[in-house]
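Engineer: The primary structure of each chain is shown beneath.
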Amino acid sequence: MRAGASLEETLQRAAAGDEAAWRDIVEAYTPRVFGLIRAQCGNVDLAEEITQSTFCTIVERIGRYAEVGRFESWLFRIATNRLRDEMRRRRRQAIPVESETLVGLAGADADAEPDIAGSGSQDAAALSAALARLSESDRQVIHLRHFTGLSFAAIAGILGEPLGTVLARQHRALKKLRQHIGDCDDDE
Amino acid sequence: MTTNRGPDATAMNGPLGRLTPDMDPYPDQIPPEFREIEAQLASWVRRQPVPPGLADRVFDASVGLLPARRRPRSPLFQMPRLASLSAWRGVGGRLALAASITLAFVVAVRIMPPNPFTPNVEMVLLEYEGGQRGLVDPRFAKAEHILMIHDMTFGDLTNDLARVVADLEM
Chain S
0 MRAGASLEET
10 LQRAAAGDEA
20 AWRDIVEAYT
30 PRVFGLIRAQ
40 CGNVDLAEEI
50 TQSTFCTIVE
60 RIGRYAEVGR
70 FESWLFRIAT
80 NRLRDEMRRR
90 RRQAIPVESE
100 TLVGLAGADA
110 DAEPDIAGSG
120 SQDAAALSAA
130 LARLSESDRQ
140 VIHLRHFTGL
150 SFAAIAGILG
160 EPLGTVLARQ
170 HRALKKLRQH
180 IGDCDDDE
Chain V
0 MTTNRGPDAT
10 AMNGPLGRLT
20 PDMDPYPDQI
30 PPEFREIEAQ
40 LASWVRRQPV
50 PPGLADRVFD
60 ASVGLLPARR
70 RPRSPLFQMP
80 RLASLSAWRG
90 VGGRLALAAS
100 ITLAFVVAVR
110 IMPPNPFTPN
120 VEMVLLEYEG
130 GQRGLVDPRF
140 AKAEHILMIH
150 DMTFGDLTND
160 LARVVADLEM
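The listed protein sequences derive, respectively, from chains S and V.
For the first sequence, numbering that gives the first Met the number 0 assigns the number 0 to the initial residue and increments by one for each residue that follows.
For the second sequence, numbering that gives the first Met the number 0 assigns the number 0 to the initial residue and increments by one for each residue that follows.
Just so you know, these hints were derived from the structure itself, not from any lab.
Just so you know, even glycine gets a beta-carbon here, dropped at the ideal spot from N, CA and C.
You may find that some hints are simply not true.
[To be verified] Not the full set, but computed from the structure, chain V residues with beta-carbon under 8 Å of chain S:
1. ILE36
2. ARG46
3. PRO50
4. ARG56
5. ALA60
6. VAL62
7. LEU64
8. ALA95
9. SER99
10. THR101
11. ALA103
12. PHE104
13. VAL108
14. MET111
15. LEU167
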């Protein structure tokens with residue numbers, strides 16, 4: 000964002016066709032959208048594809064959501080829905096494979112992403128492992144909260160769940176994370 | 000009120016961009032023992048790598064779709080959209096619309112399969128013409144009296160057809 004320009008002003012300028020403003024928005028939000036999708040699907044290429052597709056959708060209708068709160072919820076909702084649709088599509092087209100193949104693929108993925116398996120600190124590795132042990136719905140709340148920085152109310156809106164449910168999931172997820180990380184520490 | 004605000008705002012200014020400044024704090028009932036795990040999560044999020052040049056690629060893919068940059072389509076290839084009423088406002092436009100609807104109706108009637116419970120009068124008439132030439136299908140022998148329709152009124156014909164249908168149903 001340009002110095003002194005609020006997000007709302009930037010959105011309005013982008014809606015009027017200002018390329019520099021649109022670049023500011025892309026630079027500000029691309030890492031967060033990518034991070035969220037990448038954390039949920041574990042696939043860098045798919046995350047990039049969905050990120051691009053999300054911004055292509057956003058730019059066409061940006062004038063309707065040029066308010067900060069609405070824009071962010073809208074952006075992350077589109078990204079989340081797009082990932083969900085893609086995962087459903089892939090599940091429909093999935094061909095059963097041997098479990099050994101899946102293990103091999105998981106290993107290859109970990110090698111390709113040293114942030115999780117290799118160069119990160121042990122704490123980060125323990126946290127990644129603990130996150131992987133959460134249920135999908137609990138993990139999704141954690142991801143949405145930390146990658147998007149949205150309020151719980153906005154997250155509830157994205158997930159189509161009551162606010163109380165989202166808060167309960169967050170609480171349960173944090174508790175389990177603490178417990179899982181504690182288990183890892185005990186093992187060492 | 001706790002001061003625990005979830006993801007670390009300063010942390011999010013790293014590779015993952017800016018954080019919305021007015022993000023709500025966690026509700027009071029979230030106990031403070033989660034602060035440590037929250038800090039770890041914020042740190043973990045901060046370390047997630049972003050592919051080099053990703054923002055540039057996203058920008059390049061999307062900038063052409065900015066509202067002011069969208070090029071109007073060439074009038075040569077621009078077809079009026081049905082949903083756009085303005086395209087149908089002129090007299091010629093209305094006539095064209097009426098012709099389109101009529102054509103669609105005729106096509107729909109032609110391609111609709113016949114109702115199996117409706118006697119196919121056209122077929123009977125054809126068979127009648129065939130009968131005049133001695134080409135009646137023996138399967139229609141039982142309904143031979145229907146072939147005399149040239150002496151019948153419309154009421155007679157429908158009564159006879161109704162009888163045939165009743166016989167078939169029995």
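Engineer: Please go over all the hints and tell whether each is borne out by the structure.
Structural biologist: Checked hints:
1. ILE36: OK, holds: ILE36 of chain V within 8 Å of chain S, min 5 Å.
2. ARG46: holds, 6 Å
3. PRO50: For PRO50 of chain V, the interface hint holds, since the closest Cβ of chain S sits about 6 Å away, which is under 8 Å.
4. ARG56: holds, 7 Å
5. ALA60: holds, 5 Å
6. VAL62: holds, 6 Å
7. LEU64: Holds. Min distance 5 Å.
8. ALA95: violated, 30 Å
9. SER99: Since chain S brings no Cβ nearer than about 29 Å to SER99 of chain V, farther than 8 Å, the hint is violated.
10. THR101: violated, 36 Å
11. ALA103: violated, 31 Å
12. PHE104: violated, 36 Å
13. VAL108: violated, 37 Å
14. MET111: violated, 33 Å
15. LEU167: violated, 46 Å
Of the numbered hints stated above, those contradicted by the structure are hints 8, 9, 10, 11, 12, 13, 14, 15, listed in ascending order.
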